[in-house]
Amino acid sequence: MDRLIYVDNAATTRILPEVLDKMMPYLTEQYGNPSSLYSFGQNARQAIDEARDTVAKYLNCRSDEVFFTSGGSESDNWAIRMAAHMLEKKGKKHIISTAIEHHAVLHTLNALEKQGFEVTLLPVNEYGLISIEDLKNAIRDDTALVTIMFANNEIGTIQPVAEIGKICRERGVLFHTDAVQAVGHIPVDFSGMNIDMLSLSAHKFHGPKGVGALIVRKGIRLPSLIEGGAQEKGRRAGTENTAGIVGLAEALKLSCEKMDEVIPSIKAKRDRLIEGILKTVERSRLNGDPVHRLPGNANFSFEGIEGESLLLLLDFKGICASSGSACTSGSLDPSHVLLAIGLPHAIAHGSLRITLSDDNTDEDIDLLLEVIPQIVSQLRSMSPVWEKIVKGEKYE
Amino acid sequence: MAQYYSDFVMEHFTNPRNVGELEDANGVGEIGNAKCGDIMKMYIKVEGDRIVDIKFKTFGCGSAIATSSIATEMIKGKTIEEALKLTNKAVVEALGGLPAHKIHCSVLAEQAIKAAIADYYKRQGIDPTPIVGEIQDHHEEACDI
Ligand SMILES: Cc1ncc(COP(=O)(O)O)c(C=O)c1O
Numbered sequence: 000m001d002r003l004i005y006v007d008n009a010a011t012t013r014i015l016p017e018v019l020d021k022m023m024p025y026l027t028e029q030y031g032n033p034s035s036l037y038s039f040g041q042n043a044r045q046a047i048d049e050a051r052d053t054v055a056k057y058l059n060c061r062s063d064e065v066f067f068t069s070g071g072s073e074s075d076n077w078a079i080r081m082a083a084h085m086l087e088k089k090g091k092k093h094i095i096s097t098a099i100e101h102h103a104v105l106h107t108l109n110a111l112e113k114q115g116f117e118v119t120l121l122p123v124n125e126y127g128l129i130s131i132e133d134l135k136n137a138i139r140d141d142t143a144l145v146t147i148m149f150a151n152n153e154i155g156t157i158q159p160v161a162e163i164g165k166i167c168r169e170r171g172v173l174f175h176t177d178a179v180q181a182v183g184h185i186p187v188d189f190s191g192m193n194i195d196m197l198s199l200s201a202h203k204f205h206g207p208k209g210v211g212a213l214i215v216r217k218g219i220r221l222p223s224l225i226e227g228g229a230q231e232k233g234r235r236a237g238t239e240n241t242a243g244i245v246g247l248a249e250a251l252k253l254s255c256e257k258m259d260e261v262i263p264s265i266k267a268k269r270d271r272l273i274e275g276i277l278k279t280v281e282r283s284r285l286n287g288d289p290v291h292r293l294p295g296n297a298n299f300s301f302e303g304i305e306g307e308s309l310l311l312l313l314d315f316k317g318i319c320a321s322s323g324s325a326c327t328s329g330s331l332d333p334s335h336v337l338l339a340i341g342l343p344h345a346i347a348h349g350s351l352r353i354t355l356s357d358d359n360t361d362e363d364i365d366l367l368l369e370v371i372p373q374i375v376s377q378l379r380s381m382s383p384v385w386e387k388i389v390k391g392e393k394y395e
Numbered sequence: 000m001a002q003y004y005s006d007f008v009m010e011h012f013t014n015p016r017n018v019g020e021l022e023d024a025n026g027v028g029e030i031g032n033a034k035c036g037d038i039m040k041m042y043i044k045v046e047g048d049r050i051v052d053i054k055f056k057t058f059g060c061g062s063a064i065a066t067s068s069i070a071t072e073m074i075k076g077k078t079i080e081e082a083l084k085l086t087n088k089a090v091v092e093a094l095g096g097l098p099a100h101k102i103h104c105s106v107l108a109e110q111a112i113k114a115a116i117a118d119y120y121k122r123q124g125i126d127p128t129p130i131v132g133e134i135q136d137h138h139e140e141a142c143d144i
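Residue numbers (numbering that gives the first Met the number 0), protein chains in the order written: chain A, 0 to 395; chain B, 0 to 144.
Source of the hints: derived by calculation from the structure; they are not laboratory data.
Any given hint could turn out to be false.
Below 27 Å or equal to it, Euclidean Cα-Cα: the simulated DSS-like pairs (lysine-lysine) are [stated by the list, open to error]:
| id | chain 1 | residue 1 | chain 2 | residue 2 |
| --- | --- | --- | --- | --- |
| 1 | A | Lys387 | B | Lys88 |
| 2 | A | Lys390 | A | Lys278 |
| 3 | A | Lys390 | B | Lys121 |
| 4 | A | Lys266 | A | Lys316 |
| 5 | A | Lys393 | B | Lys121 |
| 6 | A | Lys257 | A | Lys21 |
| 7 | A | Lys135 | A | Lys89 |
| 8 | B | Lys75 | A | Lys387 |
| 9 | B | Lys77 | A | Lys390 |
| 10 | A | Lys387 | B | Lys44 |
Which chain A residues stay away from chain B? Per the calculated CB distances, all over 10 Å, these [claimed, not checked]:
| id | residue |
| --- | --- |
| 11 | Leu26 |
| 12 | Asn124 |
| 13 | Lys217 |
| 14 | Leu311 |
| 15 | Ser382 |
Here the structure is a predicted model, which means the values were calculated and not measured.
All residues carry an ideal CB built from backbone N, CA and C; glycine is no exception.
Build out the structure end to end from the sequences listed, making use of the hints.
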């Protein structure tokens, strides 16, 4: 096999060696329980406290607003389920979200609907953006929570979070944002953007898997999701993942410190990829917003082919990417995000997501620009759908 | 190296046999629709009672392409009677197994061959239904055959 070209950084990222170095002591000698009184335990406690301060510094929140969790999914579940139950007592049983959320949010909302909550999913436009007017109109007296993702994991669209935060604050509605794809990639300002709760996950910004955080604005008495011991000030039980938490903080620090430098360089590579693909592959399109877009995200649709076979052929060339086709999602429908931006099923099946990181080189882009068009035409040559497209017949 | 599909499926996927169109086909069958993410089109050339040539075009996932390929290999040179006995199970076995939710691809291959044979009979002015039976295809709403 040729060298590995990893361009699936929205799925997960490479842990940085500096991050692993910081974690190692807590996986080896420093194994004390952070809740233990003796100094061997307190060493671990101190490391966690420092990590909390680091998160607070880079996300502009208070240290006592940071609660470590097992990752993005837990943070989303916690914020949404428990905010719903907390506000239900005040007679608020309405939740606003969007059609393009991650399943950690959408499935949680489905579960709440079964428990009698009413959910409004705001539509998005062809670029994946919600309309602020729609949001304003959807807020009711009994609205408990607005949960809108910061940036989308598939198409990379960045929502106007500061505006959403301002509206929610003015209307006295809690605002949670799933910022799993945003943190460490673009500036996120918890206080400045009037966010009440924010989910993040370390493995999306070169930290370890299985660790994340929920930031909860001081004063919000969010009940626990995980009951048990008194860790995280009694809000999230379970012996802390010390090494993971230390790794999360280090990864966040490194990502945020080089963000100003990394964003333009990733964007330049991404834009070269996008321009190159759209120019060389006929009947291809870019999904997502051309401007309000995560720096590393490029999401294409190619008419006449199906995404899974595209991924397999890319894998053969050592290229790791992702698709929104039904086959790869394990369901019968293609990605709900691609359908929500109005793509017909047949075109949504033929999508390809490339998500770059700072590791990717100009040579990687050259290779993608060489290989993707080849594979697309190889698959098109055996596609009865492409045959119809060429003949100008209807195929959906 | 770990793989999602078996080596044999990957081999058929990356080097599909009998891929393309058959200019002098006298039976063409198409199953599936683009909405559901898979379409198989089979072209057969029948001489006497034998399928002397077969080609396919497939829009779909790796297993759809691999099952099309192996199914055409299993049918080529066989009599119509033998071809009609090809079950999706035999196709899966020949491939050395498929992931559970990909089994429907093998059903598509079986049905696409039946559809091509049915088309052949129709072109001969013969009602195919008593010979070929009902052909299952995706319905408008449900993609799960
Ligand atoms: C937007 C978004 N939310 C939530 C998650 C879930 O995060 P985790 O894998 O840490 O549970 C992901 C990652 O897949 C994501 O992209």
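Hint check results:
About 30 Å separates the Cα atoms of Lys387(A) and Lys88(B), which puts this hinted pair outside 27 Å; it is violated. Using a Cα cut-off of 27 Å, the hinted pair Lys390(A) and Lys278(A) holds, with the two alpha carbons roughly 22 Å apart. Taken as a hint, the Lys390(A) and Lys121(B) pair is honoured in the structure, with Cα atoms around 25 Å apart against an allowance of 27 Å. This hinted pair checks out: Lys266(A) and Lys316(A) have alpha carbons roughly 24 Å apart, not beyond 27 Å.
The hinted pair formed by Lys393(A) and Lys121(B) meets the criterion: a straight-line CA distance of about 24 Å does not exceed 27 Å. Distance restraint check for Lys257(A) and Lys21(A): the Cα-Cα separation of roughly 18 Å lies within the 27 Å cut-off, and the hinted pair is therefore satisfied. With a C-alpha separation of about 21 Å, the suggested pair Lys135(A) and Lys89(A) falls inside the 27 Å cut-off, and the hint holds. Of the pairs offered as hints, the one joining Lys75(B) and Lys387(A) holds, with about 26 Å between alpha carbons and a cut-off of 27 Å not exceeded.
Pair hint Lys77(B) plus Lys390(A) does not hold up; C-alpha atoms about 32 Å apart against a cutoff of 27 Å. A distance of roughly 22 Å separates the Cα atoms of Lys387(A) and Lys44(B); the hinted pair therefore holds under the 27 Å criterion. Every CB of chain B lies more than 10 Å from the CB of Leu26(A), the least distance being 25 Å, so the non-interface label holds. Every Cβ of chain B is farther than 10 Å from the Cβ of Asn124(A); the closest lies at roughly 23 Å, confirming the non-interface assignment.
With a least CB separation of 46 Å from chain B, Lys217(A) remains clear of the 10 Å interface cut-off, as annotated. Once the 10 Å rule is applied to beta carbons, Leu311(A) is inconsistent with being away from chain B; the minimum gap is 5 Å. Once the 10 Å rule is applied to beta carbons, Ser382(A) is inconsistent with being away from chain B; the minimum gap is 4 Å.
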